[in-house]
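Undergrad: Produce the entire structure from the sequences given, and follow the hints as far as they go.
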Amino acid sequence: MKKVPPASRATASSPVRRTSAGATDLSLRAAKAGERVALLRLKFASNPELLGVVRSAVCALSESIGFSPEGSRAVIRSVDEALANVMRHAYGGQRDMPIHLTCWSVASKLPQGAKAALEIVIMDRGIPMPQEKLHAPPPRELRPGGLGLEWMRKSMDVVEHSRKGKTNSLRMLKYAV
Amino acid sequence: MKIDPRRMDKVTIFDVSGDIDLANSPEMRKTLLTEMREHKTPRVVVNLTKVRYIDSSGVASLVEGLKISRDLGLRFILFGLSPAAREVLQLSRLLKIFEVYDDEEHALA
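Chains as they are written, first to last, in my numbering: chain C, 1 to 177; chain S, 1001 to 1109.
No wet-lab data here; the hints were simulated from the structure.
Computed footprint of chain C on chain S; a stretch qualifies when at least three of its residues, placed anywhere within it, have a C-beta under 8 Å from a C-beta of chain C:
1) 1015-1023
2) 1048-1059
3) 1083-1092
Simulated restraints, written as ranges between beta carbons of each label pair:
4) C:Lys133 to S:Leu1033: 21 to 29 Å
5) C:Asp96 to S:Ala1109: 44 to 52 Å
6) C:Val53 to S:Lys1002: 15 to 23 Å
We put the CB at the ideal spot given by N, CA and C, even for glycine.
TA: Below is the structure:
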């Protein structure tokens, strides 16, 4: 696995604006019909201590674009489990490897009743998730482990893993209803 | 995350607070399992009232606690589940596996 420089800088891209005081302005506009707008880009290290920081950012974002508390919790849970998988399995516990997370507001092909959609893409350069784990049925007996993927599948409307070159990509989509 | 055991007559209550995630679930797991194995208190109660978030590694630690309690012949009880904690136990079909109460009074009754 090729080592890349450690990442710890979090960046927010337009239309998430920096105020003069340096705080992040999360008064976001929803994407217009047919649009896909990048709301938040984070680049951070594979350090579990940062999971709480990412959860807070994603929570504020999902609530600001209209997710209910329950919907927001589903998004946070899925992002957290996906990142934990990257840290634990893709990077094998190394705490200084880069993870990229991008959140998009999507307004195309919304199903009836959906008022908004949040698309989240998480990328890493670690070991790919084994296919047998991706397609494993949910654990049936009482045992620890294997819960995270099941929660993600049940919490999000779309969960897609892919790999291009040495980059793993996870795309998740959730409709706000 | 903080976890503090309170030992009473035949009961140990673990007061847990904060978020339980990959960064700290090993600490919660170690505290729970060590206490259960060393003291073997007949009733082990986990107070989740102040837990805002729990991830799959935290739930896995609770599942381990439950399995060890069964091996040792102890009761393992949860109370004070937040909406987030209740949802993940429901997603995992574990809500009916655990003995769950709303508050401490009912957990100790």
